[in-house]
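Participant: These are the residues of each chain, in order.
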Amino acid sequence: MNVQTQSPAKILPDAQTVSSVHHWTDTLFSFRVSRPKSLRFRSGEFVMIGLLKEDGKPLLRAYSIASPSWDEELEFYSIKVPDGPLTSRLQKIAPGDEIILRPKPVGTLVLDALLPGKRLWMICTGTGVAPFASLLRDPETWEQYDEVILAHTCRTAAELDYGRTLVEALPDDPLIGELVGDKLKYYPTTTREPSAIEGRISDHIRDGRVFAALGLPEWTCDSDRVMVCGNLALNKDIMGLCEGYGLVEGANSDPKHFVVEKAFID
Amino acid sequence: MTFVVTDNCIACKYTDCVSVCPVDCFYEGENMLVIDPEECIDCGVCEPECPADAIRADTEEGMEPWIAFNEKYAKIWPVITEAKDPLPEADDMDGQANKLETHFSENPATEAA
Chain A
1 MNVQTQSPAK ILPDAQTVSS VHHWTDTLFS FRVSRPKSLR FRSGEFVMIG LLKEDGKPLL
61 RAYSIASPSW DEELEFYSIK VPDGPLTSRL QKIAPGDEII LRPKPVGTLV LDALLPGKRL
121 WMICTGTGVA PFASLLRDPE TWEQYDEVIL AHTCRTAAEL DYGRTLVEAL PDDPLIGELV
181 GDKLKYYPTT TREPSAIEGR ISDHIRDGRV FAALGLPEWT CDSDRVMVCG NLALNKDIMG
241 LCEGYGLVEG ANSDPKHFVV EKAFID
Chain B
1 MTFVVTDNCI ACKYTDCVSV CPVDCFYEGE NMLVIDPEEC IDCGVCEPEC PADAIRADTE
61 EGMEPWIAFN EKYAKIWPVI TEAKDPLPEA DDMDGQANKL ETHFSENPAT EAA
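Line by line, the protein sequences are chains A and B.
Mapping the first sequence onto UniProt numbering, position 139 (from 1) lands on 139, and the numbers just tick up by one.
Mapping the second sequence onto UniProt numbering, position 29 (from 1) lands on 29, and the numbers just tick up by one.
Check before you lean on any hint, since a few could be wrong.
[Claimed, not checked] If you want the footprint, here are the derived chain A segments under chain B, 3+ residues with CB under 8 Å:
no.: 1; region: 123–131
no.: 2; region: 245–252
[Claimed, not checked] Heads up, incomplete: computed chain B residues facing chain A, CB under 8 Å, no partners named:
no.: 3; residue: V20
no.: 4; residue: P22
no.: 5; residue: I41
no.: 6; residue: C43
no.: 7; residue: G44
no.: 8; residue: V45
no.: 9; residue: E49
no.: 10; residue: P51
Please keep in mind that the hints were generated in silico from the structure rather than gathered at the bench.
Built from N, CA and C at the ideal position, the CB exists for glycine as well.
Just chain A, with the same shape it has in the complex:
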């Protein structure tokens, strides 16, 4: 009789194994995990991930998948909240550990929710850059748009590192570097310490500084598409600005000119 050896049963239900962890600052870290074979997602979507609590029940939070849809692994980018019920423990994970991952990807920040356009603006704060980390590494984004602008606002320069590292690596990326070409524009700002560009992105849009700095026209429905992923205040501000320019909010079922997602915080 043939006895097939099976891989060891996973300890947690819906468990995936951590393959690497990178701490960016004392409040930010990223990590990569195995990807369930049957998981298909669109770049920009999020899934519920987490750990088991002491009572055996799962504690899950929504996390954007920071890796593109073609990647064999999944990447996530998280804050560390000292007393946070999830991240106080999640920040300690190491390669070989397991996390729970519910395989139902959903989200508003997907290319499908926008009508064809010329320029795609990705506007985010803090860990809100995660869905854009996925979209920026997806060839589909570069095929659909002539220009892509990543406008990332953080409190400090160190908090911009994850996004900056990714942006700097893109033109040389063996897979999509050629598609990126010179289409990418990066507009990082800090709010709590001096840097090359200071202030909140909403103010820079409102007073036209960002358009002047990048040599781009103000938003029109014909050409511009906007994706927003930040804290509630930023989201509200940018939505107001979008609507002021006549842009209409889109959805999977009714694509339009801009989409918004809350940057989930523990």
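With chain A's structure known, arrange chain B on it following the hints.
Facilitator: Quick look at chain B alone, frame taken from chain A:
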């Protein structure tokens, strides 16, 4: 915070919302869906998807009765995890006033025959 389903869902029940809910917190009545306010993670993905624009954040004005309404029926209706066809008269019923008084059914959804 939570999102809530309001009266324009009644007699339409498009169910587009169900496809995009990451935590499966929609519960199905005979001719309407509700959201369980305890389970909702407030991600907001369902709100722009509803063709009837029946979903609202509970922070909007006038939503308090709907929070209680959603909570009540989420307890007695079965969970719905996959979208299905809208009710046959959905497009006609979309936007009709007073559906709560004239059409709402308290009955949970039943299994399809």
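Participant: Determine which of the earlier numbered hints do not hold for this structure and return their numbers in increasing order.
Facilitator: 1
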